[in-house]
Amino acid sequence: MSTYFAGEYDVAVIGAGHAGIEAALASARLGCKTAIFTINMDAVGNCPCNPSIGGTAKGHLVREIDALGGEMGKTADECFLQMRMLNLGKGPAVHSLRAQIDRRKYQDVMKHKLELTENLDLRQAEITDIEQTKSGEWLLTTRMLAQFMAKTVIIATGTYLGGKIFIGEVSFESGPDGVFPATYLSESLRKLGIPTRRFKTGTPARVLRSSIDLDKLEVQEGDTPPVPFSYETQSLGENKVVCHISWTNENTKKIILDNIHRSPLYGGKIEGVGPRYCPSLEDKIVRFEHKERHQLFIEPCGLDTEEMYLQGMSSSLPEEVQLQFYHTIPGLENALIMRPAYAIEYDCIDPTSMNATLEFRDFEGLYGAGQFNGSSGYEEAAAQGLIAGINAAHKVQGKDEFILDRASSYIGTLIDDLVTKGANEPYRMMTSRSEYRLILRQDNADTRLTPIGHDIGLISDERFERFKEKQRLIEKEMHRVKQTTIPASEKLNEILVSRETSPVEGGIRLFELLKRPQLNYKVLKDVDTDRPNLADAIFEQVEIAIKYEGYIKKQLAQVEQMRKLEEKRLPKDVDYKELTGLRLEAQEKLNRVRPANIGQASRISGVSPADISVLLIWLAKSSHNKNTEVDN
Amino acid sequence: MNNSTIAAISTAQGLGGIGVIRISGDEAITIADKIFVKINGEKLREAKGYTAHFGHVFYNGEKIDECIATVFKAPHSYTGENVVELSCHGGTFVTKTVLRAVLDNGAISAQAGEFTKRAFLNGKLDLTEAEAVMDIIGAKSAAAARSALSVHEGKLSEKINEIKNDLVNRAAHLCAWADYPEEDIEEVEFDTLKNALQGAQDKLFDLLKNYDKGKAIREGIDTVIVGRPNVGKSTLMNLITGCDKSIVTDIAGTTRDIVEETAVVKDITLHLSDTAGIRDADNAIEKIGVDKAKKRLNTAELIIAVFDASASIDDDDKALLDDLKGTTCIAVINKDDLELKIDIEAIKNVTEYIVYMSAKNSTGFEKFEDAVEKIVGTSDFDSSNAVLSNERQRSLAKNAHKALIDAISALKLGMTYDAVTVALEEAISYLCELTGERVTQTVVDNVFHQFCVGK
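Protein sequence lines correspond, in order, to chains A and B. Going by the numbering used here, the residue at position 216 of the first sequence is 216; the numbering climbs one at a time, nothing skipped. Going by the numbering used here, the residue at position 314 of the second sequence is 314; the numbering climbs one at a time, nothing skipped.
Hints were generated in silico from the structure; no laboratory data involved. There are no misleading hints in this set.
Quick list of in silico lysine-lysine cross-link-like pairs, DSS-like style, CA-CA up to 27 Å: (1) A:Lys-525 x B:Lys-412; (2) A:Lys-554 x B:Lys-194; (3) A:Lys-564 x B:Lys-402; (4) A:Lys-577 x A:Lys-564; (5) A:Lys-572 x A:Lys-191; (6) A:Lys-553 x A:Lys-476; (7) B:Lys-34 x A:Lys-564; (8) B:Lys-402 x A:Lys-515; (9) A:Lys-564 x A:Lys-554; (10) B:Lys-73 x A:Lys-564; (11) A:Lys-554 x B:Lys-402; (12) A:Lys-553 x B:Lys-402; (13) B:Lys-412 x A:Lys-491; (14) A:Lys-522 x B:Lys-412; (15) A:Lys-515 x B:Lys-194; (16) A:Lys-482 x B:Lys-412; (17) A:Lys-568 x B:Lys-73; (18) A:Lys-554 x B:Lys-203; (19) B:Lys-412 x B:Lys-203; (20) B:Lys-412 x A:Lys-554; (21) B:Lys-412 x A:Lys-553; (22) A:Lys-515 x B:Lys-412; (23) B:Lys-34 x A:Lys-554; (24) A:Lys-33 x A:Lys-113; (25) B:Lys-194 x A:Lys-553; (26) A:Lys-553 x B:Lys-34.
Covered stretches of chain B (chain A as the covering partner; in silico rule of three or more C-beta atoms under 8 Å from a C-beta of chain A): (27) 180–189; (28) 414–422.
Here are a few chain B residues that sit away from chain A, every Cβ distance over 12 Å (derived from the structure): (29) Asn-40; (30) Asn-105; (31) Asn-165; (32) Leu-239; (33) Ile-342; (34) Lys-367; (35) Lys-374.
Backbone N, C-alpha and C fix where the C-beta goes; we use that ideal spot for every residue, glycine too.
Next up, chain B with everything else stripped away, as it sits in the complex (with noise of 0.2 Å):
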């Protein structure tokens, strides 16, 4: 427990101009080679103490952010073990995404105080503090007495219980199958168990997915404005946002870099990013923004899609119809002031959601609004659906996921019952985890409930 690798996001949640993501532990600075590529190329393990790094931050092998990584050995760092400070773009998109990148390379997610507790363990801190720490503990245990009540605390059980209690079935029989092997238990079949396993395994899976879409409803939609150069999507960022931020000029190609900024509309956080105009570059520096603005296309959650009305649709408007099939996204019909040149057919091909407007004049934007809230509304973004609440639930159901993925390997590639156990057992026990109980006294009620077994 205490000599696992910890990390959390240790500034404050929101939108501070840098966000920093600690990682604390043996283990610290090889899960932070594993994300983080240094610009030259070396490895963390390789730096001092007390030195800093710029680089890149990986998920997946997409580059999330820029970084710099700050390297503290044992014993000279906060917490006394081996520590990376991770420090990217604030945003809570980016500093999630690389705590998530983090988790899914063998840290586990901090509990509260867990990085002063650790602090104090190794001699870092007085007792002053420490006691400051045994208040948060405490604190945190009658909060989370009061929590179990609430409704989303409630729906997270009855959801995890819902799978786990499936699988404790299907172990308890394995385990009755085992232990009483001279009472008529009936044989576990295979197809049985791989089906139970696999719908388990679904299950979890779809927990996940909405966990990153209950996450963008609590905590804000990624949300990017793309289009051709020119179409006026700098001008529709500050209408939306209020403020001029991005540099608005007639020169097509001035936004080079993705600005970012965040808006409320109709209730709904938007964390905007305004990117550069996607068009064939030929300036080398235009085209850094361009992949940018495209790589952005893919992890964003919704596209706001802006289209020139005067214009008809060259080539680069096709390509980025091409890349918008399949997203959720809003085409927004710019400069409807002007004379409609545009061919609307090919847009509705890729979206439903299509806005005409001014941005420059400020016209049509009630009903962008109303688009942002319907497609919101109606669309992907359910959070009723999303159970897991934080990183710490959600990196606790990935590990039982890919714990599922094993039993199923394992089942296929014919090992016998026993190794399946093992790995299902892994999973019952980080869904107990989850919901605070432990695993194998569970299985073995079960199996006395269950069957009729004895001498």
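If we strip away everything but chain A, and leave its shape as in the complex, we get (with noise of 0.2 Å):
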């Protein structure tokens, strides 16, 4: 057998998931000529967890993408069947939204979407090789040996990469929910000097609607009214379905630990690493065996399907003891199991040996997101994939390269951390991982970033226009605010006295109202007789402007320490090992990350502030070197 010559691309993602679908689009919307293969045409845009899309944290990353121009949030908003805003009461920092999808829509609309899109070419093949030609272009063998060379390359291989499957006693190699692994790639990124390493993760099984006793479960609502991810969905219609909440006990947890021995992770046969957020059920049970019982949701994959998906409730024991102690759980005591829960091992990289551009830095051209970077989620590899497409395409058009720093968004967090901080299992966003969330709310993502989705190309300019009549509106209403003085009332401090705050005697500025923790636009309604008519989205950006001013200026300050230290760039191509002065961790550290700027040399563990210091001085010395060269 001979290879073929099959065709050339600027930019080949290798996957079709979450993260390969943004990178494709956004670099075959920002011109180039895009290539994106799927092992298997029927996977493309899959969810093979759970049936959802955002959530605490992971709903930040959604907006993002959609204020950035990505496509995730518009599809999660046409495919969704109930929406929650999670964390209300809990601060608008942690305000987090989350859709309940319809999983197979959900696959059918991305797909028409990257079918539909110019510049861009969908094919089913597996890529069992690269290779960098002697031009710096790339050249990809198919396992059919179709070739194409590709100018700039996106690994997006999620668990398909060398993934194999554990249920118990039994494994065999496999991609998610049945479709053929990736067995050959790994192999030829080894031989390209890109060591590869284990992860792994798992989901629940899946059950008969109508074997379930759904009766007796607490049921849980969505949101009235449902509230889009997308800054461009204008409605969604009311909510589809509820999902339901159970609890495991005691039954369950000694059937667990009866046959812990035959769990492959306990077992010892998994040796990939599986993230802590994500425990399975026998994880949760070990860890805090104090705890009588763990909560699960009950969740539809669909309106035409009756598959339910037991969010908590993943597992890698063995199909019968899965079936006796889901048993055990009320309302699923005749629970039918239609697929069962399993663990999943994969190969993905290190993300220290990558840029913040997602570029490996040591091959030019040569991107990755999502899984294969080390982390977890359908958003983060989403996230992910946007920002390697975007730089894939940059680098072809000769264009500078994209990086969106920790202050800018939830985004840029997770790439700093895992490009700076490495991953040692798989990595999950939250909203813990971001100093400074007061700022980066899943309100502001557009006023964060919809400018800079303008600037690529990938906001259209209508779009555009109707932003900046928001901020408009939010900036005159804010003035209104601060002008408008509220007249001393008995309907006034009835309001006052009643949310529990201070009456007044004299009039009071709408402003002052407004910051009082007690008070809201809802509440003063009836006293703030000048209201305009404007979307509720306008007077929240007023109101928590308003009421964390204090705590919002704090952490800008913050921001602005942190951003002074990102001006300070390091070169590319030094050798940490010959500056003295730096302690041997540091060096080490160093030299694996290569941080761009001394912001982010200081946040790599290991890397103390005296090490910075001697950077800093370093860092001085050889530009003052180059400046008196230019002297002389």
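Using the supplied hints, reconstruct the complex from the two chains, each of which is provided in its own coordinate frame.
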């Protein structure tokens, strides 16, 4: 058999999951001739785990992807079944939107969008080998021996790369949902000099709706009215489904502990590192042995299916044990398992070998995104895909690198964490990962990022005009609130007293009232008689800016400090071993991570403030040297 | 890091005639204006570079010292940044207080070699000089590694970690509660959180208080000699210091300004100030001296109150005894070679440390020395509780303390917990800076350690 030449592209994306899709759409939309390869045409945009998009911190990512011109938010809106804003009452920094989605519809919609996108070819093929030619371009070979040339390559292989499924004593090579794994590419990467390592993740069983006794379970409704992810979505319509809640008990625990030796994880068969935040039920029971019960959510997988997802119940125990313990759970006594829970192990790389553009430092034109980079989650993958796609396109077009810093977004925080600190386990976004979370809210993602998305070219002029109009209205309303005085009245004081805040004697600025934590736009409606008729989103921006002003200022001051350090760029080709004054650990870490600037260097664990001082002096010294040379 | 305004005492520690506090950075002049009041009321920010200005330095509303402020404007200064040098009277207490005033108004404590580092970074030094600074920094981290083993550093980490760990646990709970809304993580109780924050704030307050005490032991105790005129204060001063610095005459009111001297009594260093006799002065110049003496009474760490054994308690004595209530004080009943006329009961109400002596004849001095040793050994001067050992650490602890006050007030106001968390994490971040860790990762790890979370 011999290879044949099949075509040339600017950007080739390997994998059509959530990372690959955003990468391919971004690069094609930016005018690059793009190919996206999927191992199975029916697996495009699959959600092999929970049938939902968003959630804490992940909801932030989806809003940010949307604000930059990505696709995930819009498609989630189109396929939503139920919307919930999580954490209401805990403060705007941690509000997070989550959508239950119709899983199959999501795949269809995404696949169709790929098919309709100009400059983009969606192809079914397993890429088995990549190599860099002397000219610096990349040669990709498929299982069918087709060869493609591409200026840049984005690897987004998810759990397919070297995928292996474990269910109790049974294990076999497989991608998620029984699709073929990608079995050759890892070896090709290792040949290039890119070491791989094993991570693992898992998913719970799917059960038949009619076999669940839903009547005994607590119901979880969506929000009314449901709020969309995308700043573009005008209206969602009604929620279409409810979810249900149940709990494990002593019997569940006993069955799991009695069979723990049959778990491939505890039996030592799985070598991959699993995520701490996404433990299997057996993990939870072993690690928190005093906890009597664990909660689970029963979520529909779609409108045209009776499969139900059991959130919180992932396991790699044998199928018969799964059956036993699922049956101990109220409502699931007679549940029919349609697909068993499983653990999946896969190959990924050390993300500290990448720049914040998600390009491999040592391989020009080679990018990675998603689980391949050591993250976990659809949203984390999509965010990286978008950034890798933009950067690959910029590289092809000779434009500047596109990097979001930590203070700009959760996307920037996610990527900075990955490339600076690396990942010892699959990395999940959390609000606690961001030190600037009061300014990086999901409600202001458009303010933060849409101008950037417009600059890049992924946000249309029309959308940008609408954005600017919204900003203008926010400013106008802010001005009104600062100028408006609410006269003292019985009605006002009634409201104040009923909200347990002190009544006023004279008139008071509306601004001052909104500052009080006990008050908001809604409760002041009757006394704020001149209020214009504006969208809730506009009132929300004004209210948060007023109420949290002091805290936002605190964070902005921290951001300014951080950005000053980020401005001090470190050269790419320095050998830190040569820098006397640095401690040994710092030399090694700096050589591995190769930070782009002093700010990033200071976030590497093992690099101390004293090491940073040495770097600063060395940096100034070398630029001083250069200046002197120029002077001469 | 490089753009903050830094400050440090830039003259040798000890008892030089003049002590210079150097402030460098964008805000140097603004900060100096907050604590330095020029005699004609003009602001330093109006001043040109290379100019010197006479005035006073204030801390917490108290006038600390006379001072000459020299203004240098960027780039024409040692560091190439805006620089103000405050030259005040030498002596550890005064210079440290001025530095503290500067730090409390927005400057941060300069690291070793930092002025030089900045000078280099701004192109003010040549390469050879910069190499020397690199050596200093290299040496510093090696020294830091060694000192980490020392008892003192160990104790600091222990104390700060105790406070920090509790705060990290609270932050982790708040984060877990926000990051995993669908896990059954218990609600964060308002009172529990408030008490925890309050507890940490109190502990930091104690540390800051003890810092001052510990500093006294290490650096000497600020001691003032007071008493109404002509009871023999200057004679006593000279006896303690062993030299004739105070002018001794028979004319009441001879000492009109404060005379400072350092002496060692039983291995305890006393920074002594002899003051004008406290009385209702009619002479204007003497009155200034009396006012100064009264102020010293408020700031001193140890007071030696001198009374005349041969005279009965008069109105000036009574006023002084009132001022002495609640202070750390030794009462010296001087001139005990003369006929005793003094009513000792009134003095016993104020202090149990009463020493009879005759400074003029040098009799009873051993009893005085014993009293100093005893009062320092048993009173509030307990250095073993002092774990903050320098101004950098103090300044970080103080910032953490301030952030906790913000967190508590956010909580009490009824702000949502995300706002409280901003202030709480700010406090943790200062404490982590003290112990050399970083904050966000600490919290994240703790979430996994403590809570059962996940899908």
